[in-house]
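J.: For the sequence shown, the numbering used here begins at 1 and goes up steadily by one.
It is worth saying that the hints were derived from the structure and are not from the lab.
Don't take every hint at face value.
In silico DSSO-like links for lysine-lysine, alpha-carbon gap of 27 Å or less [stated by the list, open to error]: (1) 47 with 131; (2) 213 with 8; (3) 16 with 131; (4) 14 with 112; (5) 151 with 241; (6) 61 with 24; (7) 8 with 71; (8) 71 with 112; (9) 29 with 47; (10) 131 with 241; (11) 71 with 47; (12) 131 with 113; (13) 228 with 29; (14) 61 with 78; (15) 29 with 16; (16) 287 with 10; (17) 228 with 113; (18) 296 with 131; (19) 24 with 47; (20) 10 with 29; (21) 151 with 24; (22) 24 with 228; (23) 112 with 228; (24) 14 with 24; (25) 151 with 213; (26) 14 with 29; (27) 61 with 113; (28) 61 with 10.
Computed spacing ranges between beta-carbons, pair by pair [claimed, not checked]: (29) 315 with 291: 45 to 53 Å; (30) 239 with 205: 32 to 40 Å; (31) 235 with 215: 37 to 45 Å.
Backbone N, C-alpha and C fix where the C-beta goes; we use that ideal spot for every residue, glycine too.
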Amino acid sequence: MSALYPLKFKTIYKDKIWGGQKIKTYLNKDFGDLPNCGETWEISGVKSDVSVVANGELEGKSLAGLLEECKGELVGEKVYERFGNTFPLLVKFIDANEDLSIQVHPDDELAKKRHNSFGKTEMWYVIEADKGSTLITGFNKEVNEQVYLEKFNSGHLTDILNREDVAAGDIYFLPAGRVHTIGAGLLIAEIQQTSDITYRIYDFDRVDDKGNKRELHTEEALAAIDYKFYPEYKTQYAHTKNEAVEAVTCQYFTTNVLDFTEGTTRDYSAIDSFVIHVCVEGAYTLKYDGGELAVKMGESILLPATINSIEITTESGFKILESFVG
Numbered sequence: 001m002s003a004l005y006p007l008k009f010k011t012i013y014k015d016k017i018w019g020g021q022k023i024k025t026y027l028n029k030d031f032g033d034l035p036n037c038g039e040t041w042e043i044s045g046v047k048s049d050v051s052v053v054a055n056g057e058l059e060g061k062s063l064a065g066l067l068e069e070c071k072g073e074l075v076g077e078k079v080y081e082r083f084g085n086t087f088p089l090l091v092k093f094i095d096a097n098e099d100l101s102i103q104v105h106p107d108d109e110l111a112k113k114r115h116n117s118f119g120k121t122e123m124w125y126v127i128e129a130d131k132g133s134t135l136i137t138g139f140n141k142e143v144n145e146q147v148y149l150e151k152f153n154s155g156h157l158t159d160i161l162n163r164e165d166v167a168a169g170d171i172y173f174l175p176a177g178r179v180h181t182i183g184a185g186l187l188i189a190e191i192q193q194t195s196d197i198t199y200r201i202y203d204f205d206r207v208d209d210k211g212n213k214r215e216l217h218t219e220e221a222l223a224a225i226d227y228k229f230y231p232e233y234k235t236q237y238a239h240t241k242n243e244a245v246e247a248v249t250c251q252y253f254t255t256n257v258l259d260f261t262e263g264t265t266r267d268y269s270a271i272d273s274f275v276i277h278v279c280v281e282g283a284y285t286l287k288y289d290g291g292e293l294a295v296k297m298g299e300s301i302l303l304p305a306t307i308n309s310i311e312i313t314t315e316s317g318f319k320i321l322e323s324f325v326g
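Generate coordinates for the entire structure from the input sequences, incorporating the hints supplied.
T.: And the structure:
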């Protein structure tokens, strides 16, 4: 195989009962005959929906196949030692035309025990927010399982949940175990562990086009929930122009925000990991040893671990979520 290069992937479109049109109207991604699109999976190693390369001589090759073949050259030696042939991150765009269900995700230990899977720790970057949009993350006071069940069974669960006003540019880090929902009117970029396990707690009594309610996972959720109260749920980060700003760092990924009005260079030689770019605003040209690649809002790029440095040029500016493991 010739040298690896920055990879784009074919978008995986997901229609959802709560989905809308912003994937098309805001991100300019055509979801065809679907009535709506709630999610796009941009880079995925989830077995049921593995991404396929969309550019260059590797076009048509699956991410899973590429990882098996290239191993540490693709993801980094330490990353490959840790995760093997499982790509560790999943990147999505989410358009909530209605509130998503109130839900929670298990941590690694519980997910391994119940599903032989990774848990699901994630982060949200708010790309666009309608006026008055909100989201739920965590509890508004310290509770325990008994208090939670009392509120749940009486139909007053939202009384103890923390609801926050939201604006474009906000970031929320959601460790596994945190009860949450994305509210109506939000367009979000999500970076998470590779996992598709969700325990749906409450779905606002919605029915699908056949009149059926979606399955709830009331009992399964109890052992997954973190009942603690936290004084700060929104991630605070410096909104600084023309500088890479670290926004989220955890054991699963680090994400920097690059909000630039001009070109820049990035040195990845000290990172033993792949790097993902999620372009949430503007456009740029990515130059690397061997070529260049045009990137625009709504696109996500996987930079193999063998790429140690890049140059970015731009005419009108860009904003990137830059993520890697480590």
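J.: Now, for every hint given, state plainly whether the structure supports it.
T.: Hint-by-hint comparison with the structure:
1. 47 with 131: Distance of about 37 Å is beyond 27 Å: violated.
2. 213 with 8: violated, 37 Å
3. 16 with 131: holds, 22 Å
4. 14 with 112: Distance of about 26 Å is within 27 Å: holds.
5. 151 with 241: Violated - the C-alpha atoms of residue 241 and residue 151 are around 44 Å apart, more than 27 Å.
6. 61 with 24: holds, 26 Å
7. 8 with 71: Judged against 27 Å, a Cα distance of about 18 Å means the pair holds.
8. 71 with 112: Roughly 23 Å between the alpha carbons, so the hint for residue 71 and residue 112 holds.
9. 29 with 47: The given pair, whose Cα atoms are some 23 Å apart, holds under the 27 Å limit.
10. 131 with 241: holds, 25 Å
11. 71 with 47: holds, 17 Å
12. 131 with 113: Status violated; Cα separation ~42 Å.
13. 228 with 29: Since the Cα atoms of residue 228 and residue 29 sit roughly 39 Å apart, the hinted pair is violated (cutoff 27 Å).
14. 61 with 78: Within the cut-off at roughly 24 Å; holds.
15. 29 with 16: At roughly 16 Å apart (the allowed maximum being 27 Å), residue 16 and residue 29 satisfy the hint.
16. 287 with 10: Measuring from Cα to Cα gives roughly 21 Å; hence the hint holds.
17. 228 with 113: Satisfied, since the Cα-Cα distance of roughly 23 Å is no more than 27 Å.
18. 296 with 131: holds, 26 Å
19. 24 with 47: holds, 26 Å
20. 10 with 29: holds, 11 Å
21. 151 with 24: violated, 38 Å
22. 24 with 228: Violated: residue 24 and residue 228 sit about 38 Å apart, past 27 Å.
23. 112 with 228: holds, 23 Å
24. 14 with 24: Satisfied, since the Cα-Cα distance of roughly 13 Å is no more than 27 Å.
25. 151 with 213: holds, 21 Å
26. 14 with 29: Holds, at roughly 12 Å.
27. 61 with 113: Roughly 32 Å separates the two Cα atoms, so the pair is violated.
28. 61 with 10: holds, 11 Å
29. 315 with 291: 45 to 53 Å: violated, 19 Å
30. 239 with 205: 32 to 40 Å: Given range 32 to 40 Å: holds, Cβ gap about 39 Å.
31. 235 with 215: 37 to 45 Å: violated, 31 Å
Of the numbered hints listed earlier, those contradicted by the structure are 1, 2, 5, 12, 13, 21, 22, 27, 29 and 31.
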